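Participant: Residues per chain, in single letters:
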Amino acid sequence: MISRVTVRSSFVTLLSIFWVLLTSCQRETQVDRATREGILLLGNSSEPKGLDPHIVSGVLESNILRALFEGLITSDPERDTATPGGAAMEVTPDATATVWIAKLRPNGRWSDGVPVTAQDFAFSYERLLTPDLGAKYAEMLYFLKGAEDFNKGKTNDFSTVGVEVIDNLTLKLTLRGPTPYFREILKHYTWTAVPRHIVLKHGTIAQRGNPWTRPENIVVNGPYKLKSWRLTDHIEVERNPYYWNASNVVLNGIRFLPIGNLYTESRMFRDGQLHMTYGCTPEIVDLMKKENPKELRQELYVGTSFFRCNTTRKPLEDVRVRKALSAVIDRKAICESIFRGYTPAYAMTPPMGDYQPPHPTEISIEKAQSLLAEAGFPGGKGFPRLKILIASRETAATQAQALQAMWRDQLGIEVEIENKEWNAYITAMQELDYDIASAGWVGDYLDPLTFLEMWTPGNGNNLTGWDSPAYVKLLKRSFQEADPSNRFDLLRRAEAIFVDETPVLLVGWQARNYLVHPSVEGWNPLLLANNPYQFIRLVPGR
Amino acid sequence: MIRLILSRIGQGVITLFVLITLTFFLVRAMPGSPYAEEKAIPEHALKRMKEYTGLDQPIPVQYFRYLKNLIVHQDLGDLIKKDGVKVSEVISQSFPVSLSLGLLSISIALMIGIPAGVIAAVKKNTCIDYLCLTCAMIGICLPSFVIGPLLAVAVGLSLKSINVAGWSSPSDWILPAFTLGLINAAYLARLARGGMLDVLSQDYIRTAKAKGAPSTRIVIRHALRGGLIPAVAFIGPAFAGMISGSFVIETIFQVPGMGQHFVNAATDREFFLIQGLVLFYGFLIVGANLLADLAQIALNPRLRKA
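Protein chains in written order, with our numbering: chain W, 1 to 542; chain Z, 1 to 306.
No lab work stands behind these hints: they were computed from the structure. Here the structure is a predicted model, which is why all the values come from computation and not from measurement. Check the hints yourself; a few may be wrong.
Said to hold, decoys possible - Result set (PhoX-like, lysine-lysine): computed pairs, CA atoms no more than 25 Å apart in a straight line:
(1) Z:50 x Z:86
(2) W:323 x W:289
(3) Z:50 x W:154
(4) Z:123 x W:152
(5) W:420 x Z:86
(6) Z:86 x W:227
(7) W:290 x Z:160
(8) Z:47 x W:49
(9) W:201 x W:227
(10) W:49 x Z:160
(11) Z:50 x W:152
(12) Z:39 x W:49
(13) Z:86 x W:201
(14) W:294 x Z:160
(15) Z:86 x W:49
(16) Z:39 x W:473
(17) Z:39 x W:145
(18) W:476 x Z:39
(19) Z:39 x W:154
(20) W:154 x Z:47
(21) W:314 x W:290
(22) W:473 x W:152
(23) W:381 x W:323
(24) Z:39 x W:387
(25) W:49 x W:201
(26) Z:39 x W:152
Excised from the complex, chain W in its bound form (with noise of 0.2 Å):
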């Protein structure tokens, strides 16, 4: 019979070898081993919702595209330039910056093989122009003449539209207009193309749900092809041998993790499981500074965060009242204490290029009171009780109650806060069913115009009821001015009155803060974080 101090000592010395085990083996970590392969590990926020450039929208789903497709330019990966390079060698304009002309490579290929051809572009743009794949971002490709019309359904003739294959690899584009920066426009993904003879062998061309970008039957063009898939675990790409620059491709694959919540990413990047984090809470952002600041990233991003005004709304729809608001507004504590690392915003439009977005006169403490008076609620007597919706975000609440605490002081009005989970608080916007809400956007190329036609009337992201004649004047004026110089001149002039009718109270320009690993090399801060992923290094031992 086994005596109780056997079994005790027994069970003792397996619980101490375990731990021994588990402690003294010092296994790499996934890190360590994936710099070894070549293999890139991304935090990359949460699983995308597809991967046919037709369908998705958002900016984590473009992270993935990234590697999979290329479009007829790609980024630099060292500056914010558009210089050639990608599936076509060269985009030449013509005098008016209106026609342009993209010669393709002759040695590109899908990943299985088949050559990539002019006819697949023009098939790509008229696949996204179909009315009824009920492409959402359909007006990326506005840009060419007649689009919108096709797009819309006013005409069923693609040969309106003003793309013209010239033979297997020419593509001639036609523009609605002077477009000098279009090679920036070129590098957003839905300006890139699906494989023509795939789609079409899965499905129509208009066809929803196309089985086509399926693990088993997805072919691209662009660096890397797809790996594996498994949902809300991870995507992973590999080499494509069929890509023209091939050789040239540096890091043999990525793994793209959806991970949601930026405590549990930050936590696996300090335990060596990720390259490169999504983002980085401004908890992190302290901790970081003061443990590792070489793995912290802050960089600028060309983002505004903002709040909308219901213009349509007493007393909102009052500029004097929505200027006194603004006016109160201290932007550098926000973006400093709450965002870590954000720049005050006095225009909409970041600084980018050689675009400088107008810088109005700051109006003082006491004439935002004024107005405020004027407006008929001196020193904030008889002021309604107005509402800031907010989606459940913890900075937005941050945010927000920043703004309750600066108007009670400042301008002696009461303001509440609506919190409502993110679907419904998009449906109040949408409806016009809110007083003051929280937003941000994030731009889609590199030019002003991309924060700028958002306002206009009837845009689907204006959602303000703000509406300004002169202001789409201006716009419709620099679209047809070949001149970048006057152009951003016409820009700048229809910003300077959005930014005096103050339809939305501006915050700060957005800041990226994430965590990049010592071994990753060749991630150069870019605008619009769209660096591609065939240059980077992974240099292990560091």
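Mind docking chain Z on chain W? Use the hints.
Facilitator: Same frame as chain W, now just chain Z:
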């Protein structure tokens, strides 16, 4: 016995039918829409998208179409926001993960909870009892979003062989399983203690003692069977809950299980996914309850005549 099983199955089918009907209409009564996006989708695109998913039809038509698809084709439908992904695919990819995590957690819960509860009952009003009770109370009161990150930081960050999150190797199962298991262990301990105390004061236990039976034998042979009935009744639904995933645990430990779909489907208004998951979960609950009933009958002879 067979009659009982058959009647329970019949009740289960009715429950599931009521459940799916209620869910169907409730999700459509929620404010918001599956197509709500920061940038409003253009009217013509929206119309086309709704036609594709059938959401352009009147709700009764949608309902009968859904039932027909479900019963005739055993099809739970497609995701609204992810083109071409089937609800059944989401469940078949995530359920095995939740099942393995749930099984491990329930084993941990049983191994810790039942002995703790039994020991506490046997050593009633001693230090051991108080210790067990306090631990159980802490386990019940501390939510998983506190225990989870604490374990992740304390164990995951300090031990190289255990990752703080992820689901790529078996060692990744340990932390989420413990977090989920500990909470349920606490409930089990309290239930087991209560049940055991009840039984230990019964006449037949006193008789056994009077006949001079050794105390371990009394506890294991005579008391345990009856004392564990409350715990067993709890295990059924708790087990179904555990194997269908936990949003919090999955978020903290980046587990590709089913729990996150419950929450995300609701916030995304993924109607068909919500319906599919609720139906699947209802099926698990009905099944688990049936098993729990059978286990109780096995433990309690008095129920066999009922």
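Participant: For which of the previously enumerated hints does the structure constitute a violation, in increasing order of number?
Facilitator: 2, 4, 5, 10 and 21
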